[in-house]
Amino acid sequence: MEGVVVLLNCFVSPFGNRVRIALKFKGVAYEEKAENLAAKSPLLLSSNPVHAKVPVLIVDGKPVCESLVILEFIDDGFSAAGAPPLLPADPYARAHARFWASYVDTKLNEAGMRVWRSPKGATAAVEAARKDTVAALKTLEAELGGKPYFGGDALGYVDVALVPFAPWFLTYERFGGFTVAAECPALAAWADRCVRENTCVAESLPEAEHVFQFVCGMRKAFGLD
Amino acid sequence: MAGGDEMKLLGMWASPFVLRVKLALSFKGLSYEYVEEDIVRGKSELLLKSNPVHNKVPVLIHNGKPVCESLIILQYIDEAFAGTGPSLLPSDPYERAVARFWAAYIDDKMLAAWMQASRGKTEEDKAEGKKQWSVAVETLEGALRDCGKGKPFFGGDSVGYVDVVLGGLLGWVHANEEAFGIRSLDPQRTPLLVAWSERFGALETVEPLMPDVSRLVELGKMVLAREAAAAAGASN
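Chains as they are written, first to last, in this note's numbering: chain A, 1 to 225; chain B, 226 to 461.
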């Protein structure tokens, strides 16, 4: 695939950072434009008129939206020699990978958001959210099993889908009152391994403290505190 | 189909997600054994074992290996049987991304609005759901107009991925009209979608698979009555 590649992202966005990792993984040169979600750029609004959300990948002027759709697009379109695949070749293994990536969105992200987004004092809601978040993390940990990566011996689609949530663990922990290391030690180790063994991951993720500060700022702005 | 391929679909007659899979298998010309799950009285051992994470239908079991989640099953069918029948997804990466985008939109926005409009806890909730539904169908009308470019289907001249994903919902759209006299698809505001739904529903491959609308209406009424009773009981 030829053409200029532009990524519209917000540095804390786990969805946007999936795309960063995938682009670096494939060795694709790209330009990143940081979006202020409180004041969205005309480019974002015109590239993603349906959702007005990041990430958006613009290749030769044509926008692709929704992070998992973008990952598949990158895998389909940037398969030049030397660029490893994100998804396996076998249809059943692909379906398996897609299932778990979807699980991250529908179960982990959904519960995690409720942990940090609940108004101050909503203890019952936060407790329920904590339980659901821990349950989702444990299910993911069980799926990882004894493998170094969800993809097997190397980083794959599910790893790329999940690891951008690792910087958010600290935020879940502080608002939810638990630690990932205690509840899911193998998953915590996996997250460290992803960063340690893969430059594309290390270069793509924000500091956990920065995510926490960002969320605190958002809570103030939405009057949740 | 290749010799020795064994396919089983675990489903429920009223489920739009199951219908999508039936439609896809039919368009590809694939044969399979259908197993009706009794969701109310008790899910089968096979379902619980095949989908331990969600315990939901549809589940496609191909040579003993289960695939779950309707959109994932559709893509699996397209990839595992790439040489058989028409392709559901286009071959161009950008066009595939556009198709996947709209499939995700149908599930994340349209269906969510539908659920809120019909099962919202308060009248306000339901009204908001109806508003969101209007926004969603008008957006999809735009997609058919812009991406479809005057062609009969989202997939172009023939049925594709988005047509099957949306087509699964048609049974309930018709049931809603019959039960409540509400046109979920308004010919004034979404003429292309209305024309598409009639065209799709009339296809030889599709027509026999559509669930019985009066049965859906009955089921809908029963579910609402059950929920109202539960709510009344809970508030005492």
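For the record, the hints were derived by calculation from the structure and aren't laboratory data.
Worth double-checking, as some hints may not be accurate.
These stretches of chain B come out as covered by chain A in the derived footprint (C-beta under 8 Å, 3 or more residues) [said to hold, decoys possible]: (1) 299-309; (2) 325-333.
BS3-like mimics (lysine-lysine), calculated; alpha carbons at most 25 Å apart, straight line [to be verified]: (3) A/Lys53 - A/Lys107; (4) B/Lys274 - A/Lys53; (5) B/Lys274 - A/Lys107; (6) A/Lys220 - A/Lys26.
Beta carbons: idealized from backbone N, C-alpha and C, even for Gly.
Checked hints:
no.: 1; hint: 299-309; result: holds (count 4)
no.: 2; hint: 325-333; result: holds (count 4)
no.: 3; hint: A/Lys53 - A/Lys107; result: holds (20 Å)
no.: 4; hint: B/Lys274 - A/Lys53; result: violated (37 Å)
no.: 5; hint: B/Lys274 - A/Lys107; result: holds (20 Å)
no.: 6; hint: A/Lys220 - A/Lys26; result: violated (38 Å)
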